[in-house]
Amino acid sequence: QKEVEQNSGPLSVPEGAIASLNCTYSDRGSQSFFWYRQYSGKSPELIMFIYSNGDKEDGRFTAQLNKASQYVSLLIRDSQPSDSATYLCAVPGGGGYNKLIFGAGTRLAVHP
Amino acid sequence: SAVISQKPSRDICQRGTSLTIQCQVDSQVTMMFWYRQQPGQSLTLIATANQGSEATYESGFVIDKFPISRPNLTFSTLTVSNMSPEDSSIYLCSVAANNGLNEQYFGPGTRLTVT
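Sequence order for the protein chains is B and L.
For the first sequence, this note's numbering assigns the number 112 to the last residue and increments by one with no breaks.
For the second sequence, this note's numbering assigns the number 227 to the last residue and increments by one with no breaks.
Isolated chain B (complex conformation) (with noise of 0.2 Å):
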């Protein structure tokens, strides 16, 4: 079965400070990496996937992936109150059908 971890947090960083989000994955043969954010009341909203053969940066964003220690980091540079939501990461589940495995989540807080 694969497993994603998360620490649920709460992480709190000021206001303009960098979010560090971690998530560590069981299967070493994951290739696609996906990180969501959640707002209290709202559904989940895609913000990030990368795949195994790099890093990405999309905005204040970035997403790396660590395969050796098998775990995949967001980057949240200048962050902002509005960041302020449960960020949730996913592997592929496997078995044909394109599904899912997701974390729990980390609540990040950022205060001003």
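Fair warning: there could be bad hints in the mix.
[As the list claims (entries may be wrong)] Negatives, chain L to chain B, calculated, CB over 12 Å:
#, residue
1, 178
2, 194
3, 215
[Said to hold, decoys possible] FRET-style restraints, in silico, Cβ to Cβ:
#, chain 1, residue 1, chain 2, residue 2, range
4, L, 193, B, 53, 24 to 32 Å
5, B, 109, L, 138, 28 to 36 Å
6, B, 26, L, 166, 40 to 48 Å
7, L, 126, B, 57, 31 to 39 Å
8, L, 126, B, 31, 43 to 51 Å
9, L, 156, B, 55, 26 to 34 Å
Because the hints were derived from the structure by calculation, they are not lab data.
Note that beta-carbon positions come from the ideal geometry of N, C-alpha and C, so glycine has one too.
Fit chain L to the given chain B structure using the hints.
The following block gives chain L in isolation, referenced to the frame of chain B:
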């Protein structure tokens, strides 16, 4: 990404009854998924719904309790049958991008309370 809607957005139901949740997508998609998210918890996949075949259920979920229909490439329903308070949860449908990769996009969810 596709625009996904769900109906109802929320409902309060009595135990022993059933509720059918609808998921509508504005474009044709091959794969749709149904998740449950209990308060303060992460997402748990209930089943994968493909058009033209039976849904594939995850461990712990059975068709008698959560029957799913997928009549065409833009629509699916999930029924929560013989409900108990333990079924109180948010139910979410998602669709996979048609590019063969694993990106999924979620509907707004249905908040179900069983009394």
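Non-conforming hints, listed in increasing numerical order: As far as the earlier hints go, 3, 4, 6 and 7 are violated by this structure, in ascending order.
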